[in-house]
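K.L.:
The lines below spell out each chain.
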Amino acid sequence: MAAQGVVLATRALCKRLGERPIVQGLNLDVGRGECLALLGPSGAGKTTLIRCLSGQLPPDDGQVLLEGHNVDVLGRSRRRRVAVVFQQFNLVGRISALDNVLAGRLGYLPVWRAMLGRFEPCDRLQALQCLERVGMLEHAGRRADTLSGGQQQRVAIARALAQQPAVILADEPIASLDPVNGAAVLDLLRDIARTEGVAVVCSLHQLELAVAWADRILGMAPNRPAIDLPAHRFDADTSAHIYGWKPEFGGIA
Amino acid sequence: MTIRALSFDTGGTVLDWHGGIVARLAAVCGKRAAGLDLHQVANDWRRRAMKRIVGQVHPAFNMDDAHRESLVDTLSAHGLADLSVTQREAIWSVWYQLDAWPDFAPALAALRSAAPVVSFTMLPTALVMSVSRRNALDWDAIVSCEMIGMYKPHAPAYITAARWIGLPPQDILMVACHNFDLNAAHAAGFKTAFVRRPDEWGPEGPPEPEPNMDYTFVVSGFDELRKQVLTTR
Chain A
22 MAAQGVVLAT
32 RALCKRLGER
42 PIVQGLNLDV
52 GRGECLALLG
62 PSGAGKTTLI
72 RCLSGQLPPD
82 DGQVLLEGHN
92 VDVLGRSRRR
102 RVAVVFQQFN
112 LVGRISALDN
122 VLAGRLGYLP
132 VWRAMLGRFE
142 PCDRLQALQC
152 LERVGMLEHA
162 GRRADTLSGG
172 QQQRVAIARA
182 LAQQPAVILA
192 DEPIASLDPV
202 NGAAVLDLLR
212 DIARTEGVAV
222 VCSLHQLELA
232 VAWADRILGM
242 APNRPAIDLP
252 AHRFDADTSA
262 HIYGWKPEFG
272 GIA
Chain B
10 MTIRALSFDT
20 GGTVLDWHGG
30 IVARLAAVCG
40 KRAAGLDLHQ
50 VANDWRRRAM
60 KRIVGQVHPA
70 FNMDDAHRES
80 LVDTLSAHGL
90 ADLSVTQREA
100 IWSVWYQLDA
110 WPDFAPALAA
120 LRSAAPVVSF
130 TMLPTALVMS
140 VSRRNALDWD
150 AIVSCEMIGM
160 YKPHAPAYIT
170 AARWIGLPPQ
180 DILMVACHNF
190 DLNAAHAAGF
200 KTAFVRRPDE
210 WGPEGPPEPE
220 PNMDYTFVVS
230 GFDELRKQVL
240 TTR
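As given, the protein sequences belong to chains A and B, one line each in that order.
Quick note, the first sequence lines up with residues 22 to 274 if you use the working numbering.
Quick note, the second sequence lines up with residues 10 to 242 if you use the working numbering.
Chain A extracted, bound-state conformation:
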């Protein structure tokens, strides 16, 4: 799918983790409805890059732009346009799925209301619609810690959707899930990208899944420049660049 309208971009982005460069001069454009996979071995800096893209870590040099605005100086109204999904779901276990999703609406409340957790009826309705979107409506009233891993990740995605994001950054969202649930979560993220026009950036370990899922892949390797290419052009040479070995395609674990 061709990227239409860039929502997330980096310009000459440089980020080091300690002394080690993660990205050097990265220019990246992610469009509306586009799925970008971050691929690379452990230690390549995928999580650091995601934290940098979300504004949780400042760049050492260069810029991260969300809808044209520097992520460093995003106000509350723009910051809510970036949603993050985590490997460990990061739900509050002892409250309901619905209340977890409502947390995604906090960025839309006046600060005093947010501090008291006083949501408007439209926020509650929207939270239910987000749970419906991820197939979890019937479990809205259940405590998050009684849900399976796959269900929890769906609730976390519903919470992300409640932010009405332009971008969802997913950091290893399927690493804690079995293959069936993992594939279902990736399908859901892609479907959200396609139908809602959200740009999805997702770090993954599984090469074959990434190639099948993504429109584009950013291959990251320790101490090497990142490579950015369409998923269908990912081949054994690219893999060798990232992982240092050439896999037999079709037999990659």
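In short, the hints are calculated from the structure, not lab data.
Please read these numbers as outputs of a predicted model, since none were measured by experiment.
Honestly, I wouldn't trust all of these hints.
Below, computed lysine to any residue pairings styled on SDA-like, alpha-carbon distance capped at 20 Å [as the list claims (entries may be wrong)]: (1) B:Lys236 x B:Ser122; (2) B:Lys236 x B:Ala119; (3) B:Lys60 x A:Arg164; (4) B:Lys60 x A:Arg115; (5) B:Lys60 x B:Gly214; (6) B:Lys40 x B:Ser85; (7) B:Lys60 x A:Arg163; (8) B:Lys60 x B:Met159; (9) B:Lys60 x A:Arg145; (10) B:Lys236 x B:Ala123; (11) B:Lys236 x B:Met10; (12) B:Lys60 x B:Gly158; (13) B:Lys236 x B:Pro111; (14) B:Lys60 x A:Ser117; (15) B:Lys60 x B:Glu217; (16) B:Lys60 x B:Pro216; (17) B:Lys40 x B:His87; (18) B:Lys236 x B:Ala14; (19) B:Lys60 x A:Ile116; (20) B:Lys60 x A:Gly162; (21) B:Lys40 x B:Thr95.
Here are some of the chain B residues that sit facing chain A, going by a computed Cβ distance under 7 Å [unchecked claim]: (22) Asp82; (23) Ala90; (24) Val94.
From the three backbone atoms N, C-alpha and C, an ideal C-beta is built for every residue, glycine too.
Fit chain B to the given chain A structure using the hints.
P.N.:
Okay, now just chain B, sitting in the frame of chain A:
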């Protein structure tokens, strides 16, 4: 006896929630309703919503939210988990479109000619406004626990309602069909009237159809209430 104002519980006492909800469930569920006991679904929803709201102190939600959210578990418990949010909203909104018991509007008009009458309710203000307009119920005021921030049966809810009505509790007659409400009103100093509503819960019948203490009045309908109050006053 001095009765200078009356306050009416509204949800269960004035409104036929059971009948309204059953009809709406039937309309939304269509053919699927055939295999279900919709009376049971309606009552289950009511119980779950009441459990959420009764006794709340400054909650971050109101009865609308309690209705909306308790509907989720209710539908799941009755094999209706796949209803969409749109269908759920259609069910939820029936609360804004309920009918009052037919004997209420005439009694209200007659009582108001003698004394102020207010709705004193756990339902949201907007909801009572909606059903009041729909059923041509003219109150002197609506006092929602949502406004007070303290829900029945907490004593401060009753004390505050009396203060807002501008009278000492002993000059106000609290009218309801539920013992928990009247017990609390009595404890707060109100005079009390128990109105039997045998159909409130549909065929199942009310959990407590009879008074559990000595109230000022015990009546079988609003017409009887009107007569007794207006003659003893």
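K.L.:
Please list, smallest to largest, the hint numbers that this structure does not respect.
P.N.:
none
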